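A.B. asks: For reference, the chains in residue letters:
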Amino acid sequence: MIARLVFMAWSAGFAFAAQPVPKIFPYAVAQEDLPNALRLISVPTDYPNIVATFIVVQTGSRNEVEPGHTGFAHLFEHLMFKGTEKFSSTRYSETINRIGAASNASTSSDYTVYYTTFSREDLEAVLMMEADRFQNLRYTEAEFKTESLAVLGEYNKNSSSTFRKLNEVMTDTAFDLHTYKHNAMGFLKDIQDMPNQYDYSLKFFDRYYRPEYTTIIVVGDIRPKDVHDLVVKYWGAWKHGSYRPNIPPEAPQDAPRTAHVDWPQQTLPLISIAYKAPAYSDTSKETAALDVLAMLAFSRNSGLYQKLVIQEQRVDALLAAAPKNVDPFLCTISARVKKPADLAYVQDQVSATIKTFQEKPVDVDRLDAARKRLRYQVSLSMDNSESIADVIASFVALRRSPETMNKLFEQYASLTPEDVRQAASRYLVDKGRTVVTLTGPGGQR
Amino acid sequence: MRMLISLFLLAACAPAEIRTVALPSKSPLVTFRLVFTTGSASDPAGKPGLAYLTAMMLANGGTRDLTYKQILDTLYPMASDVSSQVDQEMCTFSGATHRDNLADYYNLLRGMLLNPGWREDDFQRVKDDAINALKVGLRGNNDEELAKEVLYQKIYEGTPYGHYSGGSVTALERITLDDLKEFYRSQYTQSHLILGIAGGYSQQFLESMKKDFRQLPENAGFQPRITPPRQIDATRVVIVDKDTRSVAYSLGFPIDVRRGSPDYAALLLVSSYLGQHRLSGVLYDRMREQRGLNYGDYAYIEYFPRGMFLLEPQPNLARQQQIFQIWIRPVEPPTAKFALRLALFELDKLCRQGLTQEAFERTREFLSKYVNVLTKTKRAELGYAIDSLYYRIPSYNQYLKTALARMTLADVNAAIKAHLRTNRLVIAAVSRNGEELKRQLASEAASPISYNSPKPEALLEEDKIVARWPLNLRAADITVKPAEEVFQ
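Read top to bottom, the protein sequences are chains A and B.
Sequential numbering from 1 applies to the first sequence in our numbering.
Sequential numbering from 1 applies to the second sequence in our numbering.
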């Protein structure tokens with residue numbers, strides 16, 4: 001069978017006044033699916049010599065459906081460096097070193113990504129070695145047990161961060177059924193039990209490290225035809241799988257929730273206020289509207305930031321994030337407060353701000369400023385092949401194509417002040433709210 | 001005498017023209033890096049943190065014409081920012097913008113650096129942030145960085161590098177707005193400035209920018225004399241005691257090597273072989289991969305803060321004095337003594353045996369290509385070029401590749417002999433129950449380790465040696481400090 005090869009040429013440009021809205025992603029993209037359902041996305045850029053490969057596996061902590069096995073998607077981020085019959089872990093890392101590549105991986109709730117940045121003459125070596133480990137990973141039980149300790153080491157090095165603890169407690173409190181209840185590291189008790197789960201790890205790999213879950217993104221000083229030939233050569237024989245996880249949907253939240261963390265050392269109090277929010281969508285306005293709402297209500301030029309951080313100076317950090325997740329997740333507003341006594345005040349101020357946005361549509365000038373910012377954010381972030389690949393990877397995790405980025409930006413462009421008001425009214429509601437606070441010794445709840 | 005000569009040279013080199021690093025390209029983006037070659041080493045006595053607060057104030061406060069709110073409002077739609085970084089010898093202001101917004105962005109940047117507003121309310125906010133960065137960011141939430149900064153502070157005690165660039169809590173509380181203005185007036189000068197710009201700007205733009213910055217005073221006031229730290233007479237340990245899950249270490253000693261030194265490239269190759277940051281190396285292999293002791297273990301010959309958040313070092317942290325350093329990421333308390341012994345055992349092996357021809361060639365090949373990765377963004381390329389100007393070397397890529405191409409195994413092993421050692425170290429640890437760790441480290445009792453899986457016989461035999469590896473520490477060489485007292 002001949003692989004389907006589609007070329008999509010997207011125009012460059014950032015003119016805001018012109019209609020129709022220019023595509024946000026300015027590079028020509030070659031996207032194709034191999035017969036085994038592996039997807040390949042190649043993007044030639046004019047940054048010389050360097051090539052970045054980002055291999056996205058649409059498996060993250062969201063896919064960890066069985067109790068007692070949280071953290072396995074992340075564990076594989078480690079195990080994937082354990083080698084194959086052909087390339088032992090030593091030979092793999094020596095080869096990666098020899099070609100002077102920067103190579104690493106990361107895991108989030110929706111995906112795991114393996115990335116390598118290197119000189120263009122090593123493209124074949126990299127695609128060949130990556131194909132080998134994705135198809136022929138081999139590790140002994142002893143190696144598995146040792147690596148699971150490195151994961152515990154990672155948990156340990158993270159454990160001095162209050163923000164990490166706050167987020168961990170937030171998802172655990174806000175979710176009952178859905179796997180978003182745990183974060184990518186997993187629950188500590190499951191990490192501690194990992195050494196005993198060798199057989200389960202083999203099952204996990206067999207389920208998810210399959211072409212239908214995987215997208216190869218190659219960006220940089222390349223010709224798509226060369227990349228295509230190499231991917232067919234080394235990845236063409238990879239076998240399609242059949243597993244589909246049964247991820248339990250979260251029942252609608254019917255009352256506000258709270259939790260508190262007593263931190264053992266002196267620290268500044270934290271508060272995180274989260275609302276259940278819809279899954280990522282590039283065909284309706286919710287994702288775009290909530291994103292813009294979070295920006296207008298809580299970012300550095302918002303009225304609330306001006307009040308709490310600049311004028312009253314009661315808060316030293318105020319952040320908000322609207323979700324871009326495969327399933328419904330949380331729209332979260334977090335603040336670091338200077339005095340524990342101000343926690344309640346800050347929560348009231350956030351509620352009052354939300355109420356204003358629910359009642360009155362935003363000024364169209366402010367909406368336009370947010371739209372501009374979103375576009376410039378993208379253009380500023382894409383200043384080298386690696387970061388272009390990184391941006392694509394985050395969207396591939398959602399819809400398996402960078403085209404979704406263009407569609408999302410069309411949604412931003414079409415937003416009206418009333419859309420933003422409706423998003424606030426529909427999603428930032430009391431019964432969908434979870435508040436988590438964290439204070440040090442002597443701090444009041 | 002040497003001081004007189006250097007002062008004379010400085011006077012003779014007073015710049016007729018502001019030093020500039022320009023990397024024009026067709027990019028739609030314009031990247032700025034403005035480096036003042038002054039920093040925490042120039043903090044006056046009793047005012048550690050002054051350089052840091054001054055830079056924070058410029059980057060996070062209003063100008064004479066605009067309030068900070070107005071600045072944020074203008075920057076917001078551009079998605080741009082002005083950020084600052086302060087180290088012992090450099091204060092860096094950086095940012096990037098799309099060329100659509102170049103004029104507006106530059107107006108802000110210029111106003112922030114040339115016409116600061118010095119408002120009291122901005123100062124209070126910035127000061128609070130700086131104090132909280134110490135109390136909460138460093139002491140509270142980042143054991144690894146804490147150990148690293150405690151190590152630097154101990155090594156450089158009594159020298160211009162002897163305080164953390166972020167200052168100390170009580171000193172920050174005492175510093176006044178007038179102190180900041182004075183530091184700005186004496187240190188933000190043409191002679192200290194290196195203008196860095198990259199991307200899609202015009203030559204005319206650059207010329208007018210240079211003209212603008214001629215408003216700064218020509219020559220700097222106080223210039224510290226950067227002296228080497230005192231010789232360490234015996235290994236010393238500082239344990240920072242706090243309620244934390246695991247034990248984080250950083251250890252090291254001063255080296256007389258920096259970019260431009262004859263042994264720089266050879267010693268860089270050695271540190272890459274021993275522990276290439278977040279990628280590989282002997283320590284990573286023996287400690288994490290073979291024994292599962294922690295998340296990673298690395299070696300450095302240049303200051304590299306924030307390594308837990310970064311895969312590659314940030315430029316513009318150039319220093320005349322550097323240390324050799326090993327970073328042991330947090331280990332479980334029961335293996336803390338073994339982990340320290342293992343790191344020292346591996347360092348000892350390196351010092352005694354050097355590299356093999358194969359390891360030398362492999363590491364050389366890696367570094368020759370990896371240097372391209374270090375400068376993969378315009379931001380980094382610009383930063384490295386500024387550092388090269390400071391160190392008086394050619395472009396970093398060219399400098400390193402040339403040195404590596406000429407290098408032999410004998411050079412590398414000679415550099416190990418000349419610069420590395422396993423005695424007379426400073427070891428910094430962050431740990432719960434510091435007195436207990438002190439008791440363990442002060443005793444030569446064995447610290448055997450057990451595993452959750454079978455290990456090769458050779459490794460178990462090696463463990464027997466490691467478990468009894470002499471630490472040669474007396475209780476008197478080990479200090480335990482509560483976390484609240486560090487950087488207080």
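Accuracy of the hints is not assured; some may be wrong.
[Claimed, not checked] Result set (DSBU-like, lysine-lysine): computed pairs, CA atoms no more than 35 Å apart in a straight line:
(1) A/K339 x B/K455
(2) B/K69 x A/K285
(3) B/K127 x A/K338
(4) B/K455 x A/K189
(5) A/K82 x B/K455
(6) B/K26 x B/K455
(7) A/K145 x B/K349
(8) A/K285 x A/K339
The set of hints was computed from the structure by calculation and includes no laboratory data.
As the structure is a computational prediction, the values presented were derived from the model and not from experiment.
A.B. asks: Against the structure, test the hints numbered earlier, and report the numbers of the ones violated in rising order.
C.D. replies: Failing hints, ascending: 1, 6, 8.
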